[in-house]
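Visitor: As you go down the protein sequences, you meet chains A and B in turn. Each step along the first sequence adds one to the number in the numbering used here, with nothing skipped, and position 111 is 111. Each step along the second sequence adds one to the number in the numbering used here, with nothing skipped, and position 30 is 30.
Hints listed in this document are in silico derivations from the structure and should not be mistaken for laboratory results. Note that this is a predicted model, so its numbers are computed, not measured. Zero decoy hints are in this set.
For identical chains, the list gives no copy identity; a pair is met inside one copy or between any two copies.
Here are the simulated PhoX-like pairs of lysine-lysine, each with C-alpha atoms no more than 20 Å apart in a straight line: (1) K83 x K21; (2) K49 x K146; (3) K75 x K10; (4) K83 x K102; (5) K21 x K75; (6) K83 x K111; (7) K21 x K111.
Below, each chain spelled out in residue letters.
Number of protein chains: 2
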Amino acid sequence: MQLLESYITKYGKALPGDILKVDSFLNFQIDVELLDRLACDIYQHFKDKNINKILTVEASGIALSTLVAKYFNCKLVFAKKSKTLNMSDDFYSEKCFSFTHKTQNNLMVSKSFLTSEDNVLVVDDFLANGEACNSLLSIINQANAKLQGIAIAVEKAFQGAGDRFRSSGIDLYSLAIIESMNEGKIEFR
Amino acid sequence: MQLLESYITKYGKALPGDILKVDSFLNFQIDVELLDRLACDIYQHFKDKNINKILTVEASGIALSTLVAKYFNCKLVFAKKSKTLNMSDDFYSEKCFSFTHKTQNNLMVSKSFLTSEDNVLVVDDFLANGEACNSLLSIINQANAKLQGIAIAVEKAFQGAGDRFRSSGIDLYSLAIIESMNEGKIEFR
Numbered sequence: 001m002q003l004l005e006s007y008i009t010k011y012g013k014a015l016p017g018d019i020l021k022v023d024s025f026l027n028f029q030i031d032v033e034l035l036d037r038l039a040c041d042i043y044q045h046f047k048d049k050n051i052n053k054i055l056t057v058e059a060s061g062i063a064l065s066t067l068v069a070k071y072f073n074c075k076l077v078f079a080k081k082s083k084t085l086n087m088s089d090d091f092y093s094e095k096c097f098s099f100t101h102k103t104q105n106n107l108m109v110s111k112s113f114l115t116s117e118d119n120v121l122v123v124d125d126f127l128a129n130g131e132a133c134n135s136l137l138s139i140i141n142q143a144n145a146k147l148q149g150i151a152i153a154v155e156k157a158f159q160g161a162g163d164r165f166r167s168s169g170i171d172l173y174s175l176a177i178i179e180s181m182n183e184g185k186i187e188f189r
Numbered sequence: 001m002q003l004l005e006s007y008i009t010k011y012g013k014a015l016p017g018d019i020l021k022v023d024s025f026l027n028f029q030i031d032v033e034l035l036d037r038l039a040c041d042i043y044q045h046f047k048d049k050n051i052n053k054i055l056t057v058e059a060s061g062i063a064l065s066t067l068v069a070k071y072f073n074c075k076l077v078f079a080k081k082s083k084t085l086n087m088s089d090d091f092y093s094e095k096c097f098s099f100t101h102k103t104q105n106n107l108m109v110s111k112s113f114l115t116s117e118d119n120v121l122v123v124d125d126f127l128a129n130g131e132a133c134n135s136l137l138s139i140i141n142q143a144n145a146k147l148q149g150i151a152i153a154v155e156k157a158f159q160g161a162g163d164r165f166r167s168s169g170i171d172l173y174s175l176a177i178i179e180s181m182n183e184g185k186i187e188f189r
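The whole structure should be built from the sequences, with the hints applied where relevant.
Guide: Structure below.
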């Protein structure tokens, strides 16, 4: 998507360690007008897939997912990384290593919020090594829900997970695909 | 707000330890259509205040804040609870004790995303003992930004923070105010 690529080129920074800093518009300060354009585009791609639930991970996936859920007029569920007092003990869980936090978490989704009736679209801001998505797919499997696709704002293709998902037959739709970030220069596919 | 109160009465559960469980529509599974109605109501209350930035805390405040920011057509910033690799070292921070996690965090906002030019509306899903809001107000102060008000979906009035904010002159707008939750019975103000 041209618009997102132009934002990444203009405001993004490729840092050492394969880190793309886009926190002025995507995942710390959030340009809601831009995200709404991304959400609309995601809706256009998946609108015939009978999706009734959006699934993401806290925290930075929530803003885009909220706007996507609004287009689909469906519920949004986010996987939690730690158990809270108001959470029941009846949940699906899967371990997940965070690239940006360098920590291991358990992603958790209450069993009552994901069932075999659900046609699920997974949405996230970033796809790098695919850890978060893999954990969400495991949780969807545990719930016997149906995965209809994955929508991502920024895919870092050189970390490989995107092409692995595509070759396994998953409908992965990434709005910007970064092929390389060598020496601070961002190249799109 | 009648609509939110009816959701709380119908789907909410008052649990021991002053815990209100509304995770089927507000902060785990999210009813985006409902949240959009709340966001519109918040916009109506604050629309003449020249607000140019929404500030919240990850994670459960992000969904409502995204929709509020869309009405104001302004940027959203969320305070982070832990430092990520893609975050610079130049941030405001304030400690914060989480009621639902029972953990102490440092809330952090990058200095570039909050400045003395900003007219800020703080938005969150819950107001209980006011820890998160107090920390956000401290961060707004550190940035010399201007606080225009606080918008909350559910205020637990019996925990006292709401009335403290009001008596200090802050424009606090809570869409549902719970006066008591004795023996599982939820009473609204």
